[in-house]
Amino acid sequence: MYEIRIHGRGGQGAVLAGGILAAALVNEGKFVVAVPSFGFERRGAPVASFLRMDTKEIRQMTNIYRPDCVLCIDPTVGRAVNVFDGIRDNATWLQTTARPLAELAVPDKVATVGLCDAVAIALEIFKRPITNTLMLGAFAKTTGLVSLDALRAAVEDSDFRDAGLRQNLLALERGYEETVVHKIEKRVAA
Amino acid sequence: MSAVLKPKSKAIVCDGNEAAAWAVTLARVDMVAVYPITPQSSLVEYLAKFVADGKLNAEIVDVEGEHSVLSVLHGGVLAGARAYTGTCGPGLAFMFEPYLRTPGMRMPLVMSIVTRDTLTPQSVWGGHQDAMSVREVGWVQMYCETVQEVLDTTIMAYKVAEHRDVMLPVNVCHDGNYLSYGASRVELPTQEEVDAFLPPPSTNWHAALDPSRPMAVDPLTGGSGGPGPALFVRYRKGQCAGMQHALAVIEQAHEDWARIVGRRHAPLVESYRMDDAEVALVTLGSMTGAAKDAVDEARERGTRAGLVKVKTYRPFPVQAIARALSGVRAVGVVDRSVSYGWNCGPLYQDVIGALQFAAQRPAAMSFIGGLAGADITTDHFGRVIERVQALAKDGVVGETVWLNERD
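Chains as they are written, first to last, in our numbering: chain A, 1 to 190; chain B, 1 to 407.
Mixed in with the good hints, there may be bad ones.
Partial pick of chain A residues on the chain B-facing surface, computed with a CB cut under 10 Å [to be verified]:
1. Gly-18
2. Val-32
3. Arg-59
4. Gln-60
5. Met-61
6. Asn-63
7. Leu-170
FYI, nobody ran anything at the bench for these hints, they're computed from the structure.
Where is the CB? At the ideal position from N, CA and C, for every residue including glycine.
With the rest of the complex left out, here is chain B (with noise of 0.2 Å):
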């Protein structure tokens, strides 16, 4: 950018659906399909309703179902067009198959999963398991923590995913109700600084579909003879290196977008309070606000608090986590979903096996809350905080604790 583009947003109460559906509108997609599931629904009506308007000239498909959701993409993004579609809990259990197919063939599509719970019991309220079912397929996934990060991140996913050094699917994360439905005032960029920062689409010429050049995609692969051991580690590989890769374009993205519109988001992770820092919290999504208020509060009472959200969580920026928490005694991982492998939540397991590249290596605690639309409160966080000063004072890790057990 050589010109100095001079900040014209204007300030808009909404909320994270509507501001996903703001972003998409300024990111000029070209195609949206759809099917609406709670809590996400609002999202794809407000879609409706701005190309209605005439203020997004994309073609919307109405399907009948998640698959045909992300099939009819597919086909949109190999014939060079930017798409769009958002979908949540069971809508993404229904659109498994072509979900996976989607990072393998480098599809540059982006996808909100507006966070639900997962079956059963029968939930329709907000919590990180659907995403975190998905964590190990090969989409990159981000978490909002305001609504103007929803904005925000959802029109740089864009230039994330369409990056030549990465072509991979993403996912914006943004919880069910507590960002669905929860509104604040929001900037909205203008169309020019958007436009600024996100140019149209580089299509992949290598496996566009074009009549000129007629082409199969997606051939079968692999086996244990002739080139297809070979073949297939080349494409796994590939995908690899394409997650690895958007590490970085992650970070010029955010820097981009602040230089243009004037607003920083932490990348990767944000280490806040974290400079003097004996115990740490670390988040994931909407609760960060409150457990940043329970820092301030602690810090207050004397305590030597800090905190490290996760913006990125796939790839996983083991390397910023290792240098975030090095040299804090006790760390507390607060998640909104769990692994029942371990009986403790993923993100835990994530940050203890980061920790291992860590300078001085902290001890470390796994704390579950927010399942189902559960709330986490300054409170909840404060508990955590009085939690993890005694782990840094006798260092013995103590069971997962379930911080929703009694509400």
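So that you can see chain A by itself, here it is in the shape it has in the complex (with noise of 0.2 Å):
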């Protein structure tokens, strides 16, 4: 079983991407849950949403408190609540972010750090800072559990139409192309 916890504010989509993800898993072949996290929700307030994969029937209709994965597609979501809370040992941390490593603080339990400026590359695509299918892209480059191909027969079979369909396929690549994946070396204990 892997666990992934989405964070973003209310009106990114954080919802849509664990659903988008969720069909290109089970199109991979993957048993899959994905659960919305509930809460008083408001536009730009942050919010959570919750994904189990594995490759055998899951059974668990809960929230998610030991991420292997924390999913952040809102730059500063981040301030706003402790997003590693919980996380297991070599957790992955995807980011959307202008800033290099060196000027983040990674957690100890962290083992691998995918970084990609979806809000620049957003703006430049859909002219509004929308994330959402950028950090689905990140996600398979970072981690390799799923498949651009699959993301995209995923994005293909949604709701997505014409204009929003071509720039949600075009968010996949360039998020994809352009996260830089960092592998942190293991400290040495004290």
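Hints in hand, dock the two standalone chains.
Following this line, the structure appears as structure tokens:
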């Protein structure tokens, strides 16, 4: 079982991202459960969405408290909530940011970091900071757990049409190509 | 079924609300009346979309409130239509008067309750309190564990409701939030499979509105003189008999479904790792998956734990529960709602009532969790198992435990 927690803000499409990723994984023969969190959401408020994947049937329909992967589709949501809460050892962190790794505080438990300036790319593609499909491309590049082809197929199967579809397919592509993956050297125990 | 039908279903990813909408579409429902309400709204939006896309050939009636939702469907059912709606919480409260009338008039409606905790405090999130509040009204109630079970059960519900020995409305309960919006891989049956399982609606011609045979339906009955008392008792006994018949019909429907689509769900109660169990959980709805994982974890620690999931809650499968739990030393019943009258969960009351009929009667305690959208995790169930192990040792039934009290 591999557990992913997606952090974003209301209106950015964190829940939709979970749905597209789930469809892509199922197309590749995986079992998936995606549960959106719910609370007093409104546009701009921090939201989360949870996704479990496995090679066998998944029974838990619950939120995720010990993620293997944290996927932040918003550059500043980490200031509002502790996105690293409960992460497992050797976790993967994907972050939309314009900053380089050296300027980021990486928790000890994180072993892989994928950074993508998704807001800047989204402003070019959509003229709006919609980062969800970009960060799915970043997820594919960083983890290798889903193929770009499966994500493309899932986006094509979604409700996107015409220009929206073309933009989101381009977003996937550029998210994949322009993500920089860093392997963090294990810190020596003191 | 003489011919063997090959499963030709395809896997899709959808949430419980979409799964219910697919089921209604595959069941070739004639009529849907709707009033959207969280967390049911997307379900009726999917239905409206399926009608607009030409997938579902049904009349959608967009009415001004839930009281009218059921009242409109009553007319349709009496004219022979296969009818559907869904609601929850405050919407269910607002439709209470026609909701009461539906089983008495033996109308085989199917209605999803996308369960939601009830007022007050104000809450729009999941919990079984709404469905539990109407548990004694005469509707069949089945609770689903997974998105797949939502789809399969909603189709099976028509077979149960329309069976001539039942002729009662059915609530398919799926948990608000965790199943309404929780998405997973689902096998979508083919139309041929569903057609083979579910024939066109068998109209109750006794009550059907027929212009050539005009009749009054639901006339004033009862009182203390004339034919009233006996007639009223006859109707009531008939309803109770229909509910009892439903137990066997539900089992048969699940068997037929398994034969045609190759998927088997436990019809009344499901026993999980109960063969040599000393302690058992009793669960209802989507909490069950995490509870099964907690049972596996307890088994790895050497605890002989098991689980009994209640699928059919009304009619209550008394004998099946008594059989399933007979011989264990202690039971923890986990409710997602409360009984105000008894400071415990309503399922707990039913289970200890059924245990009267167990050959060896275990001690049982009530646990309440998951109110108003709260999560019940494997950690919560791990704590329940530990508490039930203590109960197995000392036999002292403690106060009701509130699982999310310190979350």
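Evaluated hints:
For the restraint placing A:Gly-18 at the interface with chain B, the shortest Cβ-Cβ distance is roughly 8 Å, inside the 10 Å limit, so the hint holds. For A:Val-32, the interface hint holds, the least distance from its beta-carbon to any beta-carbon of chain B being 6 Å, beneath 10 Å. This hint holds: A:Arg-59 has a C-beta 3 Å from the nearest C-beta of chain B, less than the 10 Å allowed. Restraint check, A:Gln-60 versus chain B: the minimum CB separation of about 5 Å is within 10 Å; hint holds.
Annotation: interface hint on A:Met-61 holds; nearest CB of chain B at approximately 4 Å, less than 10 Å. About 5 Å separates the beta-carbon of A:Asn-63 from the nearest beta-carbon of chain B, less than 10 Å, and the hint is met. The beta carbon of A:Leu-170 comes no nearer than 23 Å to any beta carbon in chain B, farther than 10 Å, and the hint placing it at the interface is violated.
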